[in-house]
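Chains as they are written, first to last, in the numbering used here: chain Y, 1 to 309; chain S, 1001 to 1304.
It cannot be assumed that every hint is accurate.
With a Cα cut of at most 27 Å, we get these calculated DSSO-like pairs of lysine-lysine [as the list claims (entries may be wrong)]:
#: 1; chain 1: S; residue 1: LYS1058; chain 2: Y; residue 2: LYS131
#: 2; chain 1: Y; residue 1: LYS73; chain 2: Y; residue 2: LYS269
#: 3; chain 1: Y; residue 1: LYS278; chain 2: Y; residue 2: LYS73
#: 4; chain 1: S; residue 1: LYS1058; chain 2: Y; residue 2: LYS130
#: 5; chain 1: Y; residue 1: LYS278; chain 2: Y; residue 2: LYS236
#: 6; chain 1: Y; residue 1: LYS236; chain 2: Y; residue 2: LYS269
Since the hints were derived computationally from the structure, they do not count as laboratory data.
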Amino acid sequence: MAGPEDAGGRTAATPTTEDERVPSVIVSHVDIRYRIYGSPKRPEETDEEGAVRRLLSRGGQAGLGVQEVHAVKDVSFVAYRGESIGIIGRNGSGKSTLLRSVAGLVPPSSGTIWLGGRAALLGVNAVLQKKLSGRDNIWIGAQALGLTPAQVRRRMDDIIDFADIGDFIDLPMSSYSSGMAARLRFAISTAVVPDILIVDEALATGDEHFRARATERIEEIREQAGTVFIVAHSRKRINQLCTRVLWMDDGRLLGDGRPSVVNGLYGRKYGRHRQVWKERYEQIERVMSEQGPEAARELLRRWEPEGNW
Amino acid sequence: MSADLGPEPRHQPSVLPYAEAAELARRHGMTQVAVRPSLGGYVREIWRYRHLMWSLAKGEVVSQHRDNYLGILWSVINPILLGVAYYLIFGVLLGLDRDVDNFVAFLTVGLFTFSFISATLTSGARSLLGNVGMMRSLAFPRVLLPVVKVISEFVNNIPAFLVLVLIALITKEPVTWEWLLFPVALLIVVVMGLGISMLISRAVHNVRDLANIVPLITRLLRYVSGVFFSIQVRFASIDDAPRWVGLLLEYQPVAVSLTLVRETLLQGFELRWQTWVVAAGWAVVLFVSGFIVFWRGEGTYGRA
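Start from the sequences, fold in the hints, and give me the full structure.
Next comes the structure, spelled out in structure tokens:
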């Protein structure tokens, strides 16, 4: 229903589309709250300067208490097999938290997530054991993905080849460059073709050559009737890779639809012309309250002739 | 439509009502994420992940010993040095060596066994909170984390336990068939440690301030559990102390573990069925309750 094509309003579920498309992820009214320790709330100091002052003035009541962060707020969507879904949003908008929840790593505080298959997350933030060698980490990671020791042994060489880190494979991970670590994580997570692959900004690191191979691999997984979620900051990458985009903002899901549409919406709020759009919205609100909805609709048609107002 | 939201209602993502979502999921046979499996399902899941458990335990042992020249040798050197210190302070200086026949063996058995127990307490307390990063990257039954800590602590202590046998030989303890029970006694202690570790890891995960009390608890246990003195002898020297206090001190899990191990190696300690029944009882009770308590929290770990 909340599919990529019908970004407009709620449409009734028609059985025919249901039969064609198999849902792989259903997220229903999910909230995620984190407990943050030792950081009492000071709403008046949210800017960076405030943060510095907070650090300097440690003492007194600072460092005591529990604070709750509402990272994801009432998010719902349905993802289908064969889709590759980009997630956009500013830093700290809850993208990673939401995806971790989809991967079954961070339990939601309320709401429900259903998966049709196995989800695997790969990201630059994924923590491997720093003191262990790359090879040891492949053992741990691949087994956590459900491979048996025999399967790990068989695929070990492929994984090492794909990671392309040479002799470093037997050195502790703490000696790896960030690019090498990212490649290894990518290689481990795609050792098993998961039904649902979640890529968390892994493509930002690594050189051009690796990025090309990674894109190829993601394409491969998608072709095997999987679903791919991609978090990336580059809107260009999203447009290249994705058939659908979710826009997270301050924990809420603000947009869900084709990349061009959602990117356009995102641009209105954060793009170069955000001031213009802000004024337009304010004007619409004013017109709405003064002259009623018909006049507001008239105004919207002027700005967006192709919209169905 | 509000100015700070950005998109107009036309583009607001449509929301499937919960009941419809549940129906859709059911129709396609999808599974719900982050729910606690049934107890039997949980056990089966752990069995499926048993290989991961060994890899994690191996990794734990390796990473603990990687950072220094002598590596795993430290797990022998450390307890021996500690034993020497304790011998000088409590045996010689305070004269506690009059309590028992073979004080050196008595002390080292107590000390090494206790070191293992206290290590399971401390690392069990950290097992979940110290691995939040890993929990947020890999999916596996979370009970592996406290379990792996206990296994790796046990492996770390194997050299020390071998040293115990050596010390018993050097101090001229007669080699008897009872020595074969030494590994059995250790196994009972490990099962107890698993239970304690699972209990404490969930407790600390829920109320993390508890982690600050753990060092205090281990220190207290070190002093009341008869690591370097005989509870029986000391207690007998106190006039008109109530008998149940003595029994409590003697049969609490840690004290009874030390006695259990001593009974297998030391001639001064005869095998008594009471010790074994109570120790095995504690092991079963702690393990089962620990496992159930931990299982009941599955599906909540990782968010704290």
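For each hint, the structure was consulted:
1. For the hint pairing LYS1058 (chain S) with LYS131 (chain Y), the CA-to-CA distance comes to about 12 Å; that is within 27 Å, so the pair holds.
2. A threshold of 27 Å between alpha carbons decides the hint, and for LYS73 (chain Y) with LYS269 (chain Y) the separation of about 19 Å falls inside it, so the pair holds.
3. Only pairs whose Cα atoms come within 27 Å are accepted, and LYS278 (chain Y) paired with LYS73 (chain Y) is accepted, the gap being roughly 24 Å.
4. Straight-line distance between C-alpha atoms of LYS1058 (chain S) and LYS130 (chain Y) comes to about 14 Å, which keeps the hinted pair within the 27 Å bound.
5. A distance of roughly 25 Å separates the Cα atoms of LYS278 (chain Y) and LYS236 (chain Y); the hinted pair therefore holds under the 27 Å criterion.
6. At most 27 Å may separate the alpha-carbon atoms for a hinted pair to count; LYS236 (chain Y) and LYS269 (chain Y) meet this at roughly 18 Å.
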